[in-house]
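Just so you know, the protein sequences line up as chains A and B, in that order.
What the first sequence shows, in our numbering, is residues 1098 to 1208, in sequence order.
What the second sequence shows, in our numbering, is residues 407 to 521, in sequence order.
Keep in mind the hints are simulated off the structure, nothing from the lab.
Heads up, some of the hints might be wrong.
[As the list claims (entries may be wrong)] DMTMM-like cross-link-like pairs, simulated, lysine to aspartate or glutamate; straight-line CA separation at most 25 Å:
1. K463(B) x D1123(A)
2. K1167(A) x D508(B)
3. K1170(A) x E481(B)
4. K463(B) x D1119(A)
5. K1100(A) x D508(B)
6. K463(B) x D1183(A)
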Amino acid sequence: AQKITQTQPGMFVQEKEAVTLDCTYDTSDPSYGLFWYKQPSSGEMIFLIYQGSYDQQNATEGRYSLNFQKARKSANLVISASQLGDSAMYFCAMGSWQFYFGTGTSLTVIP
Amino acid sequence: KAGVTQTPRYLIKTRGQQVTLSCSPISGHRSVSWYQQTPGQGLQFLFEYFSETQRNKGNFPGRFSGRQFSNSRSEMNVSTLELGDSALYLCASSLTGTGSTDTQYFGPGTRLTVL
Chain A
1098 AQKITQTQPG MFVQEKEAVT LDCTYDTSDP SYGLFWYKQP SSGEMIFLIY
1148 QGSYDQQNAT EGRYSLNFQK ARKSANLVIS ASQLGDSAMY FCAMGSWQFY
1198 FGTGTSLTVI P
Chain B
407 KAGVTQTPRY LIKTRGQQVT LSCSPISGHR SVSWYQQTPG QGLQFLFEYF
457 SETQRNKGNF PGRFSGRQFS NSRSEMNVST LELGDSALYL CASSLTGTGS
507 TDTQYFGPGT RLTVL
């Protein structure tokens, strides 16, 4: 069975600090993709970063990086230099023959 | 390139009515997926369409249906609305729907309230 687990329902971070949002997954498929999305209070899901299961290097997109540890089946999102606008829900997702989403982590950036 | 668009953005219906939601994918994208998001159940997959064919289906009753047109635009229909159908309905498009390599891009959602 496919499964995505986000164990942190809520996180707080000081502005300009870095924060790590945890995500673990479970799959028996050799080929899969790992994704992170941001959902502000407006509701729209915004794609942040992608990591393929065969990628050797961790993905980075600006202030976002994905810490991919295949053996541990974890795909944590690291946001560097947090900004007030980063306050939102963050969802980890895994894609194989279907997309599976975690339950999300609510991030609040404190000024 | 224009993003995924969904209409209407907000909808209020009463129990027993039916509703149709529309989604226009990013130009060139052939896969459209629908999700229901509620505070209690989180994000749940409804179905995915590719080239006018339903390719995957989630665990929802038959009251939930969808279709895709030749221009890749998609509609979903919910018949005999129940209070529990109140949710944010999100549409996502991707080039081919290959989950391992193909990013899904989401629309702004349709917020449905059933009274």
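How the hints compare with the structure:
Pair hint K463(B) plus D1123(A) holds up; C-alpha atoms about 21 Å apart against a cutoff of 25 Å. Our distance criterion of 25 Å between C-alpha atoms is met by K1167(A) and D508(B), whose separation comes to about 19 Å. For the proposed pair K1170(A) and E481(B), the alpha carbon gap of about 36 Å is over 25 Å, so the pair is violated. Between K463(B) and D1119(A), the direct Cα distance comes to roughly 28 Å. Violation of the 25 Å bound is thereby established for this hinted pair.
The straight-line distance between the Cα atoms of K1100(A) and D508(B) is roughly 19 Å, inside the 25 Å bound, and the hint therefore holds. Between K463(B) and D1183(A) the alpha-carbon distance is near 33 Å, which puts this suggested pair outside the 25 Å criterion.
Checked against the numbered hints given earlier, this structure breaks hints 3, 4 and 6; the rest are met.
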